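Chains C and A, in that order, are what the protein sequence lines are. At position 92 of the first sequence the residue is numbered 92 (the working numbering), and the sequence of numbers has no breaks. At position 238 of the second sequence the residue is numbered 238 (the working numbering), and the sequence of numbers has no breaks.
Rather than coming from a laboratory, the hints here were simulated on the basis of the structure. No experiment lies behind these values; they were computed from the predicted model shown. Please note that the accuracy of each hint is not assured.
If chains are identical, the list can't say which one is meant, so a pair holds when it fits in one copy or spans any two.
20 Å max Cα-Cα, derived EDC-like pairs, lysine to aspartate or glutamate [stated by the list, open to error]:
1) Lys20 - Asp312
2) Lys342 - Glu36
3) Lys343 - Asp34
4) Lys343 - Asp32
5) Lys30 - Asp312
6) Lys30 - Glu173
7) Lys20 - Glu173
8) Lys342 - Glu143
9) Lys342 - Glu173
10) Lys144 - Asp32
11) Lys114 - Asp214
12) Lys343 - Glu36
13) Lys30 - Asp214
14) Lys259 - Asp246
There are 2 protein chains.
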Amino acid sequence: MRQISIALMGFGNVGKAFAKLLLRKQAILKSDFDLEIIVTGIATGSHGSAINSAGVNLNRALELIESGYPLTTLCENGQNFNGEAFINACSAEFLVESTPLNPFDGQPALSYLKSALNRGKHIVSANKGPVVFGYNELSVLAEKRNKAYFFESAVMDGAPIFSLFREALPAVEIRAFSGILNSCTNYLLDLMANGYSFDDAVLKGQQIGITETDPSADIDGWDASIKVAALSTVLFGIPITPQQVDRTGIRDITAEMIKDATENGEKWKLACSAQRQGNHLLSAVVKPQRVNAQSALYNINGTSSYVVFETDVLPGLGIVETDPGPETTAYGMFADILNIIKKFSYV
Amino acid sequence: MRQISIALMGFGNVGKAFAKLLLRKQAILKSDFDLEIIVTGIATGSHGSAINSAGVNLNRALELIESGYPLTTLCENGQNFNGEAFINACSAEFLVESTPLNPFDGQPALSYLKSALNRGKHIVSANKGPVVFGYNELSVLAEKRNKAYFFESAVMDGAPIFSLFREALPAVEIRAFSGILNSCTNYLLDLMANGYSFDDAVLKGQQIGITETDPSADIDGWDASIKVAALSTVLFGIPITPQQVDRTGIRDITAEMIKDATENGEKWKLACSAQRQGNHLLSAVVKPQRVNAQSALYNINGTSSYVVFETDVLPGLGIVETDPGPETTAYGMFADILNIIKKFSYV
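In isolation and in its complexed conformation, chain C is listed as follows (with noise of 0.2 Å):
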């Protein structure tokens, strides 16, 4: 049986799933894969670190964070490891990173996961930053150190949509990306369809854990515009950032607006699209629209989300993606190692 060890930096919402993931699927990773996947590192934001080369105990990594205690009893000789140093002094074969999001640099995760890249490890992160502000970079380290960098996660979760194309859909050209990306708005707008006032929603949004203390990343739009700047810099091989992107936010959708529109059969959604032609491209935007129920964004409920490829050999390809969590991130991470795997043939 092979063994494969991974060094978790990030150890929050998604960490943690992915923690419980990795102890629920060893069965079959053994049965299917022949493999085992031990946890040699575990970085978190506020609980300290600790590392085990033999593998650290992930039910008991889970039991302290969940009361509220340290990792560093953990720790096989008790320090506590940082950032740099943390990837530096933990011996993995595969970085797995969750840690938050910088909106305008993609920093610091995207200096870890360099420094991981240059230590000879493979790297998979959820984080949608490094992927905009790095991912060329990142793509041209891992050929050269002969590493993979996966990222199914960065957008829409655990659904494949880097790993679709990738993976199964060989020799196509992407012309042409819409639908809804973000599930905080989308959720908001259907609160606001059922009578909730936009502060009123923004609220039950937070209670609930879909909306951030400060939902402006979410209501402006800018969450949505680094996944269309995401997807354009994988997909269409176009670089663009957030800032390229068209971008209109939620703020100005008043009650009357979704109260007319809902009269009307119709509801309002934050679509995003983007079109290329060749290496040009022709727009990249995010902006509310009022659809009717013909139209597939129509019945995108909730926090569920949905993208449609135009293709030159697919007219329409679409994927909806419905009650994410942090478990469906995890498992886009999961999926993410065990492709790596497979593309480095390992088992």
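Model the placement of chain A on the given structure of chain C, informed by the hints.
Chain A alone, transformed into the frame defined by chain C:
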């Protein structure tokens, strides 16, 4: 540059679209895959066959067929070969099959595919029949011969279904699926919602080539049942026949029922679904369903199709295919070839 030889069995709309796609993709195969694919033989249903070990001229073959001539003039020895004789006579690394469906036992395609595997060829098939009636046998034989049996286009044309789970989503447990898998009935129900009588809708469907001369395979839900059986067989690992699907077609959907649905903002759809628990199939159903605008089935219009999978890691993953045609089916076969080449590390 690696040269791959393929033999085409079936040169109807799909086979011809495949030949055109191959011609169009030659440049990208060369530049991105360092690959040339040559067609060393074509067997048609009623226009003879052509075998040429240096490669049949595809442009000429398409011209001949479109002018109503047999292919025999392109054959290196002027002979005609059919069925098994063609497979034996044509030297090729792949058999690419798109002969007509036999919904009762998958023959003779099933035998052709077995012969091809036994002669050491990879097999790519757009045919649902062999999947439903021979998936296990063909898979075991392929494994034994160290060859592949891929059949992406058997369900939802070229939209990635089988390849999605095989290539992109490792270690997933699929618990259920549902959707709209038959384009013809979906198109007919749309026409009826627009005021066509059942008979007029069938006539119109026949005029534009969506509906067969004998429309019963679609209308009575057989085509949808074959697809449900194929998905259960491959994705659940639970082989069932179309006869085992709880099947109701659209014959009893009256103009009044359609009118009543339309007046209430609803639509009739021929819904497919199946559910499992472990290795036990809980249900496999094809049945008309009246859906409202909140349903994911509601805006699957015309000849589009849709399937949503419920898995242990992604609660809902939907695939939508819009505007399919012979070209999309052809792409599924083309993708199968490239995915087999990747799997066997030819390039």
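We went through each hint and held it up to the structure:
1. For a Cα distance limit of 20 Å, the shortest separation of Lys20 from Asp312 across copies, 13 Å, qualifies, whereas the shortest one inside one copy, 40 Å, does not.
2. Taking the shortest alpha-carbon separations for Lys342 and Glu36, only the intra-copy value of 14 Å comes in at or below 20 Å, while the best inter-copy value is 25 Å.
3. In this assembly of identical chains, the alpha carbons of Lys343 and Asp34 lie at most 20 Å apart whether taken from the same copy (16 Å) or from different copies (18 Å).
4. Taking the shortest Cα distances, Lys343 and Asp32 sit within 20 Å of each other both inside one copy (17 Å) and across copies (17 Å).
5. For the homomeric pair Lys30 and Asp312, the shortest alpha-carbon distance between copies (18 Å) is at most 20 Å, but the shortest distance inside one copy (40 Å) is not.
6. In the homo-oligomer, the alpha carbons of Lys30 and Glu173 lie at most 20 Å apart only across protomers (15 Å), although the nearest pairing inside one protomer, at 37 Å, exceeds that limit.
7. With identical chains, the CA atoms of Lys20 and Glu173 are at most 20 Å apart between copies only, with a shortest distance of 16 Å across copies and 37 Å within one.
8. For a Cα distance limit of 20 Å, the shortest separation of Lys342 from Glu143 qualifies both inside one copy, at 16 Å, and across copies, at 18 Å.
9. Proximity of Lys342 to Glu173 under the C-alpha cut-off of 20 Å is restricted to the inter-copy arrangement: shortest distance 19 Å between copies versus 24 Å within a copy.
10. Proximity of Lys144 and Asp32 under a CA criterion of 20 Å is satisfied inter-copy only: 19 Å between copies versus 31 Å inside one chain copy.
11. Taking identical chains as interchangeable, the C-alpha atoms of Lys114 and Asp214 are never at most 20 Å apart, the minima being 30 Å within one chain and 62 Å between chains.
12. With identical chains, the CA atoms of Lys343 and Glu36 are at most 20 Å apart within one copy only, with a shortest distance of 17 Å there and 23 Å across copies.
13. Taking identical chains as interchangeable, the C-alpha atoms of Lys30 and Asp214 are never at most 20 Å apart, the minima being 43 Å within one chain and 51 Å between chains.
14. For the homomeric pair Lys259 and Asp246, neither the shortest alpha-carbon distance inside one copy (26 Å) nor that between copies (43 Å) is at most 20 Å.
The structure fails hints 11, 13, 14 (numbered hints given earlier, in ascending order).
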